[in-house]
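**Q** Sequential numbering of the sequence shown, starting at 0, is according to numbering that gives the first Met the number 0.
Since the hints were derived computationally from the structure, they do not count as laboratory data.
A portion of the hints provided could be inaccurate.
To be verified - Distance windows between CB atoms, simulated:
(1) Leu12 to Val72: 23 to 31 Å
(2) Ala13 to Ala48: 12 to 20 Å
(3) Leu12 to Glu91: 15 to 23 Å
(4) Arg51 to Ala95: 15 to 23 Å
(5) Arg19 to Val78: 33 to 41 Å
(6) Gly56 to Arg17: 12 to 20 Å
(7) Gln80 to Leu12: 28 to 36 Å
(8) Leu15 to Ile65: 14 to 22 Å
(9) Gln80 to Thr52: 31 to 39 Å
(10) Ala13 to Ala92: 37 to 45 Å
(11) Pro87 to Gly56: 33 to 41 Å
Don't be surprised by glycine CBs; every beta carbon is placed ideally from N, CA and C.
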Amino acid sequence: MAVDDFGTGYSSLAYLKRFRLTTLKIDRSFVRDIETDSSDAAIVSSIVAMSRTLNMGVVAEGVESIEQARHLVRTGCSVMQGYLFAPPLPAEAYAAILAGQLDTLTELPPLDS
Numbered sequence: 000m001a002v003d004d005f006g007t008g009y010s011s012l013a014y015l016k017r018f019r020l021t022t023l024k025i026d027r028s029f030v031r032d033i034e035t036d037s038s039d040a041a042i043v044s045s046i047v048a049m050s051r052t053l054n055m056g057v058v059a060e061g062v063e064s065i066e067q068a069r070h071l072v073r074t075g076c077s078v079m080q081g082y083l084f085a086p087p088l089p090a091e092a093y094a095a096i097l098a099g100q101l102d103t104l105t106e107l108p109p110l111d112s
């Protein structure tokens, strides 16, 4: 079970104790300016550290640039979703990509550089 959009709206630290969660999803509003806003960078870093301490996974939402992805990797977040990788797809198109019937949508440079 995951908490979507963690850090915004109705998400609460109390959920971390109340529910058997496995994953925190970092809201895209923190990822958007991660390279230029030190507060966003600190929040993302804190969520990643907290998820590790609690033995939970972490997913960054809304990754749109290679710079954001590289920053997230340096922070310790290796699971991401967003337009950098693919636009939202119908289930049939995603299944076709997984089955090798369609080419992947993009060829990314290494994220660890």
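**Q** Of all the hints numbered above, which does this structure not satisfy? Sort the numbers upward.
**A** 3, 4, 5, 7, 8, 9 and 11
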